[in-house]
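Engineer: Residue numbers (the working numbering), protein chains in the order written: chain A, 1 to 283; chain B, 1 to 261; chain C, 1 to 261; chain D, 1 to 301; chain E, 1 to 261.
Treat the hints as calculated values from the structure; they're not laboratory data.
Keep in mind that a hint or two might mislead.
[What the hints assert, rightly or not] Quick list of simulated restraints, FRET-style, between CB atoms:
1) B:Phe21 <-> D:Leu81: 54 to 60 Å
2) A:Tyr280 <-> B:Gly44: 44 to 50 Å
3) D:Ser296 <-> A:Leu272: 29 to 35 Å
4) D:Ser296 <-> C:Glu10: 50 to 56 Å
5) D:Arg297 <-> B:Tyr82: 17 to 23 Å
[As the list claims (entries may be wrong)] Pairs of lysine-lysine, DSSO-like flavour, derived with a Cα cap of 30 Å:
6) D:Lys300 <-> C:Lys142
7) B:Lys198 <-> B:Lys12
8) A:Lys185 <-> B:Lys119
9) A:Lys58 <-> E:Lys14
10) E:Lys14 <-> E:Lys232
11) E:Lys194 <-> E:Lys254
12) C:Lys142 <-> C:Lys119
13) E:Lys118 <-> A:Lys58
14) E:Lys58 <-> A:Lys48
15) E:Lys145 <-> E:Lys70
16) B:Lys103 <-> A:Lys278
17) C:Lys134 <-> C:Lys121
18) E:Lys192 <-> A:Lys53
19) A:Lys53 <-> E:Lys194
20) B:Lys121 <-> B:Lys142
21) E:Lys125 <-> E:Lys192
22) D:Lys300 <-> A:Lys185
23) E:Lys118 <-> E:Lys194
24) B:Lys134 <-> A:Lys185
25) D:Lys23 <-> B:Lys119
26) C:Lys103 <-> D:Lys300
27) A:Lys58 <-> E:Lys256
28) A:Lys53 <-> E:Lys232
29) E:Lys145 <-> A:Lys53
30) B:Lys142 <-> A:Lys48
31) E:Lys113 <-> E:Lys192
32) E:Lys192 <-> E:Lys256
33) A:Lys58 <-> E:Lys232
34) C:Lys119 <-> C:Lys199
35) A:Lys185 <-> B:Lys12
36) B:Lys103 <-> D:Lys23
A quick note: this is a predicted structure, and the numbers were derived from the prediction, not measured.
Beta carbons are placed, not taken as given, at the ideal position from N, Cα and C, and that holds for glycine.
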Amino acid sequence: MSAGKDGRRSDRIAAGVFWVLGMATVALLLFIIVEILARGLLTALNPKFFLGKPEAMKAGGGILPMIVSTLYLVVLTIAISLPISIGAAIYMSEFARRGRVSGSIRFCLDSLSTLPSIVFGLFGMTLFVIYFRWGMCLLAGACTLAILNLPILLRGTEEAIRLVPNTYREASMSLGASKWTTIRKVVLPTAMPGIMTATILPIGRIMGESAAIIYTTGLFVRNIPLNPLDTAAPLAGYIWYAQSEALVNDYRRIVDGGAALLLIMVLAVYFLARYLGKRYQQK
Amino acid sequence: MNDLTENKMEIKNLSMFYGDFKAIEDISLDIPSQRITALIGPSGCGKSTLVRCLNRMNDLIQGCRVEGEVILDAENMYTPGYDVIGLRRRVGMVFQRPNPFPKSIYENVAYGPRLLGIKDKQRLDGIVEDSLKKAALWDEVKANLQESGQNLSGGQQQRLCIARVIAVEPEVILFDEPCSAIDPVATQLIEDLMADLKKNFTMVIVTHNMQQAARVSDFTAFLLVQVQGDPGRLVEYGDTNTIFTNPSDERTERYITGRFG
Amino acid sequence: MNDLTENKMEIKNLSMFYGDFKAIEDISLDIPSQRITALIGPSGCGKSTLVRCLNRMNDLIQGCRVEGEVILDAENMYTPGYDVIGLRRRVGMVFQRPNPFPKSIYENVAYGPRLLGIKDKQRLDGIVEDSLKKAALWDEVKANLQESGQNLSGGQQQRLCIARVIAVEPEVILFDEPCSAIDPVATQLIEDLMADLKKNFTMVIVTHNMQQAARVSDFTAFLLVQVQGDPGRLVEYGDTNTIFTNPSDERTERYITGRFG
Amino acid sequence: MSAQARQAGIRLGALNARERNVKYLMFACASLSVLAIMLIFLFILRESLPAIRQLGVRNLFLSADWSPNVSNPEAGSYGMLAFINGTIMTTLSAMLIGAPLGIGAAVFIDQFAPPSIAQVVRRGIELLAGIPSVIIGWFGLTLLVPFIARLTGSSGYGMLAASLVLVVMALPTITTLSAETLRSLPPELQEASVAMGATRWQTVYRVLIPAAREGLLIAVILGMGRAIGETMAVQMVIGNARQLTFSPLQRTSTLTSRIITDMGEATGVFRSALFAQALVLLILAMVLIVSIRLISRERKH
Amino acid sequence: GAPARKGRYSGTVKVSGSTTVLPLSQEAATEFMALNPRANVEVQGGGSSVGVAQLMQKVVDVGNSSRELKGDENNGTLVDHRIAFDIIVIVVNPSNPVDELSHEQVKAIFTGKVDNWKKVGGPDKEVVCVVRDQASGTREVFDEKALDSTKEHPMESTPSAIECASNGVVREIVGTTRNAIGYISFGYVNNKVKAVTYGGVEASVADASTGRYPMARYLHMFTRGEPEGAVKGYIDFVLSDPFQTEIVSQEYIKIKDVTVK
Ligand SMILES: Nc1ncnc2c1ncn2[C@@H]1O[C@H](COP(=O)(O)OP(=O)(O)OP(=O)(O)O)[C@@H](O)[C@H]1O
Ligand SMILES: Nc1ncnc2c1ncn2[C@@H]1O[C@H](COP(=O)(O)OP(=O)(O)OP(=O)(O)O)[C@@H](O)[C@H]1O
Ligand SMILES: [Mg+2]
Ligand SMILES: [Mg+2]
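Chain A extracted, bound-state conformation:
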């Protein structure tokens, strides 16, 4: 019986420990968010900062080209990877039989999703920047990130497609629609909200990615990139560059402000994804 009491005491201790662990993770998160926002908000909310051009040597630079670069890169990457991952997801969920082929595709997807992003960066640099002679540019970065994000985007897209009830497919096929027509006219439209939701999460990742783009897209530009073949400087990479070069006197201000702005963007994407996900689930 005394042993039983011991069991109860260890249970209370364990419960305490787990509460601490659980709360610690939330506290850590809050601490990081509050700290970064508090430090950078004053800089970041200043229109002169986020609408200004960056300076290479002088203090007082802004980060407008970096914001544009980030958004541009997101759009370009999604534009490249979404069609591919929808195609691949359709193959995996509608056509593929369980077997060697789909097994090895899954293996490759799993591998892609564990490779360090710096490896993608080096690969993108050798293939797109050097071998294809594109130079460091948005397109090279977008292609690199498209490969990097393929597994996660594909998984989300595939899930959305698999969630389409089979009865829709049956109904369409029984009306004499071919498989492809069924996919185009019924499966994809039904899965679209889910696919959109699945697309948003990778957007956050693209915004935050730095190791894969510093050698493919660029680190510093003064002008807003317009052409996909222009060198660009996405915010995440620029934040790293600014602190590691510290060429300008006010680099702390720039990094603080840039980090806060980047965090706000990523949080906005996250909550948008949650919101859309919830709305999608309710349907």
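Given the coordinates of chain A, work out where chains B, C, D and E with the ligands should sit on it, guided by the hints.
Structural biologist: This is chains B, C, D and E with the ligands only, laid out in the frame that chain A set:
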């Protein structure tokens, strides 16, 4: 077996496998033209399997295999190279759970005609109205054709599905327990509708409901799995009246009097 | 009601809620010591709910609430601060689906004693052997004590679960349809075992199988949901013989003769 | 024909020509992942071959002397052992902290937290996973490094700081996957244990954790994957030194951090040696993936 | 050179080379292009060696370098434009009591032979060396002058040193790390760090230009032959008074202020 009616379909020695599992074995059965044929039998005896063989819906299932023949208008639909897409337009299907697309009522009905390449708005309008009328749904939905088909009640959804099938003007319509998911009033409506449609279509209905089979069908086939794990076999087939009043097989009698199943 | 036997448990005006839904209402019932009490009734009438109230397993379910009392040895187990952990050691439970842990047979049986802090290898060995013998499983598994409990057959797994309960020497054992997932031969074994265990334990068994209730139990309680959505209520309680041969409530008679449920 | 069909049974579900083309197109999309992996492997290998050939395996992988020469790359030495060591040391120590923390948080979510709080923790961890690594790195550089410096009297930069940053990076992976594993356990296990009079904690450590062992292991391995691959955050706090060290307070580099520290100006065999480091990363990642496959195959049995 | 009049120059100038010079070169390009909208200056890094090599291969028009030409690079066709003068200053954390270090002490510290401040008259604390990255011209000059590194006997700073990509970061780390020592360009010295005397000499423009303070060097832009057109305009702009005063003197010493050597 029935000399007065022509056969729309003839099922000949049909067996069907899910992978290694034989679901039905050696079934031969004629589907008379412009009549309603009911398939009855306890759960798992292969009614759905059989009815889905009739428009090759089983093609969708991986590892499915068929032996035997199903003749539609003198042609075996299981010859290699047979036009399956065309077949499914000729042999429509209504499922157990109403399954309208997540589109408007209009688009649900127009789906089939659009597949056939009809783009002309006026013609589509006509087909939609006509089909909904035939499905006895027009009056209830004509004001809200743009609303989602999924907002209708269960019974309305099922009639919408019937309208959707009618819109491609099939020759045969297969019903797989069309009323098992809807209420009695809606069931009544659909049974009336089926009697109406007999003028134009050959129909096959799978049902668990003995009364329903007796009420709506002209011919009835009774399927049974003798021993668990065995394939389903045809026990008896004949005129619905005969089957329900004077079955020749003792197992049929026991089933229709509710002693098992 | 039965003056010869002492009551191990007394259920007094017990109601139990899942959130806002009242699953059972105002049930009063005595569980006599060293006897087997059967709970019968159609699906959903709250048998499982009731039996799980007897060792407070419902505490695990979110939003559960209990009104009334369950007295175990003169103490209400629903008084605040009552030692629930200790209670569950005194009132063991065997579930519908055999649920051995993914551990060796030995470790499954030793699980409870270890919880009680017993570490001595020899003592554990003794308990394991003893419990398996009492559960009539020893001869079948003594050679493979280190094999996983999940590799046994369904019936063996269920007896392993009984051995696991016996190992902590509870006073009461609750069985929630212990035989519904296993074959008739294994069922026979378990029924024999229960008769054997009566010497040492008070038992409560939930069962769908009328014959089983009649065979194994001394007392029987019949629960029923009158109208769908209503809570389950106790209809009749008494000596098993009386209930099965001469029930005083007409609904009980209809149920045990198989007319509904 | 039909007799033959009757004998063999005709194979159903054959596609028509147009659909076959569509299928091939979709297949091409799907096999892009295969192509990508192969290209990545090929290009990284190709770029690292000169270093492997010129320096040899010993001088490249088993030496800790990293003294590049920028203007005359052939004159430098390029032994990456110190960085392999740095990667392994920081990753392992991150797991030492991160695995219990992450699994603990998962157990908290699954067993101890009331639903609303569990939800908050789950969302919080998802959010943590989304915070860009440069931000975590900047946070580490400006708060963690000075904190360690004050606490220990060291420079603050080094493997300890890197490991702690990696804990933050790997924690979401470990927690999310562990919680998923725990949730997928059959509820009967917990019921059985509780009915025996086990406390929650006894149920957790005697039944649930052993039953979820493989899944938890996979969660930790995937967390390791994140840690091994993390680049920017580590580079910002590890001190970017070239020494082989085992002391948590000493500065060194990981493979990833060394690549971005040096890649900018590297040419010739120097650059190739950096690609060889990427090759090592690639191989490490593949080892992880294969071990996960093996574990999950075992779980199925 | 005369300041450029608006829009006088047109055409493309390609520049690459030293990362030390890169920011200056970049800034000059930006301002030069603002003054000459039809001119286009493309600046890239790569390191001094890369710049000179590309200049000789005619890939670029201007090669930036933070060191003198080496023997094999000096084939007589390249024209040297000194654009700034840089003094390397040894700095420690302001809390460090050490004020002066000899040549031998510096060498011992940076090569790792002395790893505790105690040995050079400081507190009993570990020395944390902060050095520049491999490609830095500053590091090359420092290794050569302070560590006596030669081609035959290369000397490296200790592997435990923190490597930084720029003067700014060295200053930041030395300024925030109590036991750190590093070296930075003269223009970067401020009150966050403390400059120590080197071999008894304080770093100053005067002593550096006479050679009394040894760790100094010029920053260069090289061209193939005398520059013409936009290339000349660009180099002239770099050397122009406003640019030298506003930009160059922020971190380096204006080339005009250096008279000797
Ligand atoms: N996709 C499938 N894969 C494997 N076996 C299947 C599949 N569909 C059905 N079966 C099996 O084939 C047999 C016949 O099933 P079928 O659905 O045709 O029966 P049914 O008579 O329609 O039953 P119910 O009345 O329950 O709908 C059953 O044993 C069933 O388990
Ligand atoms: N966890 C729960 N949450 C909400 N309602 C529940 C829960 N468990 C059971 N119920 C409901 O409580 C009622 C009684 O359920 P209970 O499981 O006790 O019935 P039962 O008599 O054991 O039925 P069966 O014979 O099918 O096992 C049912 O209406 C059931 O739907
Ligand atoms: Mg069916
Ligand atoms: Mg129950």
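Engineer: Take the hints in turn and mark each one as holding or not.
Structural biologist: Results for each hint:
1. B:Phe21 <-> D:Leu81: 54 to 60 Å: holds, 59 Å
2. A:Tyr280 <-> B:Gly44: 44 to 50 Å: violated, 36 Å
3. D:Ser296 <-> A:Leu272: 29 to 35 Å: holds, 33 Å
4. D:Ser296 <-> C:Glu10: 50 to 56 Å: holds, 51 Å
5. D:Arg297 <-> B:Tyr82: 17 to 23 Å: violated, 42 Å
6. D:Lys300 <-> C:Lys142: holds, 27 Å
7. B:Lys198 <-> B:Lys12: holds, 24 Å
8. A:Lys185 <-> B:Lys119: holds, 15 Å
9. A:Lys58 <-> E:Lys14: holds, 23 Å
10. E:Lys14 <-> E:Lys232: holds, 12 Å
11. E:Lys194 <-> E:Lys254: Holds - the C-alpha atoms of Lys254 of chain E and Lys194 of chain E are around 23 Å apart, at most 30 Å.
12. C:Lys142 <-> C:Lys119: Satisfied, since the Cα-Cα distance of roughly 21 Å is no more than 30 Å.
13. E:Lys118 <-> A:Lys58: Distance ~40 Å between Lys118 of chain E and Lys58 of chain A Cα, so the pair is violated.
14. E:Lys58 <-> A:Lys48: violated, 41 Å
15. E:Lys145 <-> E:Lys70: Between Lys145 of chain E and Lys70 of chain E the Cα gap is close to 16 Å, so the pair holds against 30 Å.
16. B:Lys103 <-> A:Lys278: holds, 21 Å
17. C:Lys134 <-> C:Lys121: Given that 30 Å is the threshold and the Cα spacing comes to 20 Å, the pair holds.
18. E:Lys192 <-> A:Lys53: Roughly 28 Å between the alpha carbons, so the hint for Lys192 of chain E and Lys53 of chain A holds.
19. A:Lys53 <-> E:Lys194: violated, 33 Å
20. B:Lys121 <-> B:Lys142: Measuring from Cα to Cα gives roughly 16 Å; hence the hint holds.
21. E:Lys125 <-> E:Lys192: Since the Cα atoms of Lys125 of chain E and Lys192 of chain E sit roughly 20 Å apart, the hinted pair holds (cutoff 30 Å).
22. D:Lys300 <-> A:Lys185: violated, 38 Å
23. E:Lys118 <-> E:Lys194: OK: Lys118 of chain E and Lys194 of chain E at ~18 Å, within 30 Å.
24. B:Lys134 <-> A:Lys185: This hinted pair holds, its Cα atoms lying about 25 Å apart.
25. D:Lys23 <-> B:Lys119: holds, 27 Å
26. C:Lys103 <-> D:Lys300: Given pair Lys103 of chain C, Lys300 of chain D holds - Cα atoms ~16 Å apart, limit 30 Å.
27. A:Lys58 <-> E:Lys256: holds, 22 Å
28. A:Lys53 <-> E:Lys232: holds, 27 Å
29. E:Lys145 <-> A:Lys53: With a Cα-Cα distance of about 39 Å, the restraint between Lys145 of chain E and Lys53 of chain A is violated, given a limit of 30 Å.
30. B:Lys142 <-> A:Lys48: violated, 58 Å
31. E:Lys113 <-> E:Lys192: With Cα atoms ~27 Å apart, Lys113 of chain E and Lys192 of chain E stay inside 30 Å; holds.
32. E:Lys192 <-> E:Lys256: holds, 28 Å
33. A:Lys58 <-> E:Lys232: Since the Cα atoms of Lys58 of chain A and Lys232 of chain E sit roughly 25 Å apart, the hinted pair holds (cutoff 30 Å).
34. C:Lys119 <-> C:Lys199: At roughly 28 Å apart (the allowed maximum being 30 Å), Lys199 of chain C and Lys119 of chain C satisfy the hint.
35. A:Lys185 <-> B:Lys12: Not OK: Lys185 of chain A and Lys12 of chain B at ~35 Å, beyond 30 Å, violated.
36. B:Lys103 <-> D:Lys23: holds, 26 Å
The structure fails to meet hints 2, 5, 13, 14, 19, 22, 29, 30 and 35 from the earlier list, while all remaining hints are met.
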